[in-house]
Amino acid sequence: MEIKVLGPGCANCKRLYAETEKAVAQVGQPATITKVEAIEAIMAYGILRTPGLVIDEKVVASGRIPGASEIATMITTALAKA
Amino acid sequence: MGLATATPADPAPADTVRGRALRQALLLPLVGAAWWLAYARLAAAASWLTSAALGLSPRDPLGSAVEFFLYEAPKVLMLLTLVVFGVGIVRSFFTPERTRRVLAGRREGIGSVLAALLGVVTPFCSCSAVPLFIGFVTTGVPLGVTFSFLVSAPMVNEIALALLFGLFGWKVAALYAGTGLAIAVVSGLVIGRLHLESWVEPWVYRVKAGVGEPTEEALTWPGRVAAGREAVRDIVGRVWPYVLGGIAVGAGIHGYVPQDFMASFMGREAWWSVPLAVLIGIPLYSNAAGIIPIVQALLGKGAALGTVLAFMMSVIALSLPEMVILRKVLTVRLIAVFVAVVGTGILVVGYLFNFVL
Chain A
1 MEIKVLGPGC
11 ANCKRLYAET
21 EKAVAQVGQP
31 ATITKVEAIE
41 AIMAYGILRT
51 PGLVIDEKVV
61 ASGRIPGASE
71 IATMITTALA
81 KA
Chain B
1001 MGLATATPAD
1011 PAPADTVRGR
1021 ALRQALLLPL
1031 VGAAWWLAYA
1041 RLAAAASWLT
1051 SAALGLSPRD
1061 PLGSAVEFFL
1071 YEAPKVLMLL
1081 TLVVFGVGIV
1091 RSFFTPERTR
1101 RVLAGRREGI
1111 GSVLAALLGV
1121 VTPFCSCSAV
1131 PLFIGFVTTG
1141 VPLGVTFSFL
1151 VSAPMVNEIA
1161 LALLFGLFGW
1171 KVAALYAGTG
1181 LAIAVVSGLV
1191 IGRLHLESWV
1201 EPWVYRVKAG
1211 VGEPTEEALT
1221 WPGRVAAGRE
1231 AVRDIVGRVW
1241 PYVLGGIAVG
1251 AGIHGYVPQD
1261 FMASFMGREA
1271 WWSVPLAVLI
1281 GIPLYSNAAG
1291 IIPIVQALLG
1301 KGAALGTVLA
1311 FMMSVIALSL
1321 PEMVILRKVL
1331 TVRLIAVFVA
1341 VVGTGILVVG
1351 YLFNFVL
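First to last, the sequence lines map onto chains A and B.
Going by the working numbering, the letters in the first sequence line up with residues 1 to 82, in that order.
Going by the working numbering, the letters in the second sequence line up with residues 1001 to 1357, in that order.
Misleading hints may appear alongside valid ones.
List time: in silico BS3-like cross-link candidates among lysine-lysine, alpha-carbon distance up to 30 Å [to be verified]: (1) A:K58 <-> B:K1328; (2) A:K35 <-> B:K1075; (3) B:K1171 <-> B:K1328; (4) B:K1171 <-> A:K14.
Some chain B residues flagged as far from chain A (calculated, every beta-carbon gap over 12 Å) [claimed, not checked]: (5) T1016; (6) L1037; (7) L1117; (8) V1207; (9) M1323; (10) T1331.
Hint data in this document are derived by calculation from the structure and do not stem from the laboratory.
Where a beta carbon is used, it is the ideal one built from N, C-alpha and C, also for glycine.
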């Protein structure tokens, strides 16, 4: 499972990254978390607000920072659909 | 007395949406009433605390400053909380994605007006300025229209309006909103007319910006109330040190600066006070929360309303940090034009107010 955190490096994106790490630890499934900071790469996902959260190339959140448990739910939903 | 023990007749478990909605429908009016009662008592409480509890006379500089602080600080924070909560709920109905869809392909005149109005209610933070700008201009929103949005969003925000309303009354708040919107619309129209698309950084138009599917599910009412509470936690939680700092400075000015001192260089007679105020505002960066209490104290000391409003708008709308952020997508020339157009608008508003009032 590939998770990407989109953001140019402001405090909010760092928080989202931290919450995502917690969520992945909670769920316990192997997943790679990458931080995407280049603006063109971020824009390719079509979001208008940073930070953004992408699971397996699908945008699941933008412009807000879901808590670790909410992210964990998103991860398990994505796993169930895979 | 049945209200205190009332339970929903429906024996549904406590956290169904319906259960939560019912609880909120009961709790919110109570919270609102408590807020109102406390708010009405603030002035009396501040004056009592200063003279009776602390033994200071409001005629002394120190007593005057302390009473100002004790009254204004809780008052401003309470007002801020109320307005941020309300606007948080309103904003749950708007998203930048929806705004973009409304604005894409619009003709410039009506587009600029819509963009300015939507800028007020669409959630916006300056870290999102770049993705938002790119996302707008690459999907058919004209450049001028995008600028109208970019001017009104930070400047005509709920924090500024809440504070202006609380400190100066609804007329000043309405004037600020109206002139702010006018500046946004006119700036967008002017920039659109100048056809400066070539002054956007060239790589922006080459970006293959995907148009993301809307990721929001329809919100229920408890979801909207949660959005309001989240907004309060986020905004008031971040901003309160600035508010207290601004009020402390304001208290100092209120207590210690002689009456009419400001009139000498911020008063209406000094024609250069308005441009000076705009220039000083550019390198300063403050959210509205910090600057407005200072503004109130300045006004109380004889500064002219137009000069002070120009200063405020300049600090908020022409912020150096935001321009540094936008440098990624705009050439320096375009930023200069942006500053010139908006700055001129603010100047005009400043002079107008000084002249008319």
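Here is what the structure says about each hint:
A C-alpha spacing of about 26 Å is found between K58 of chain A and K1328 of chain B, which places the hinted pair at or below 30 Å, so the restraint holds. Distance hint between K35 of chain A and K1075 of chain B is unfulfilled; the C-alpha atoms sit about 42 Å from each other, more than 30 Å. The straight-line distance between the Cα atoms of K1171 of chain B and K1328 of chain B is roughly 38 Å, outside the 30 Å bound, and the hint therefore fails. At roughly 41 Å between alpha-carbon atoms, K1171 of chain B and K14 of chain A are farther apart than 30 Å, so this suggested pair is violated.
At the 12 Å boundary, the C-beta of T1016 of chain B stays outside the reach of chain A, the nearest C-beta of that chain being 18 Å off. No Cβ of chain A comes within 12 Å of the Cβ of L1037 of chain B; the nearest lies about 34 Å off, and the non-interface call holds. Distance check for L1117 of chain B against chain A: the nearest CB is about 18 Å away, which clears 12 Å, and the non-interface claim stands. Chain A draws V1207 of chain B into its interface by the beta-carbon criterion, the shortest separation being 5 Å against a cut-off of 12 Å.
At the 12 Å boundary, the C-beta of M1323 of chain B stays outside the reach of chain A, the nearest C-beta of that chain being 16 Å off. With a cut of 12 Å on Cβ distances, T1331 of chain B stays outside the contact zone with chain A, its closest approach being about 16 Å.
When each numbered hint is compared with the structure, violations occur for hints 2, 3, 4 and 8.
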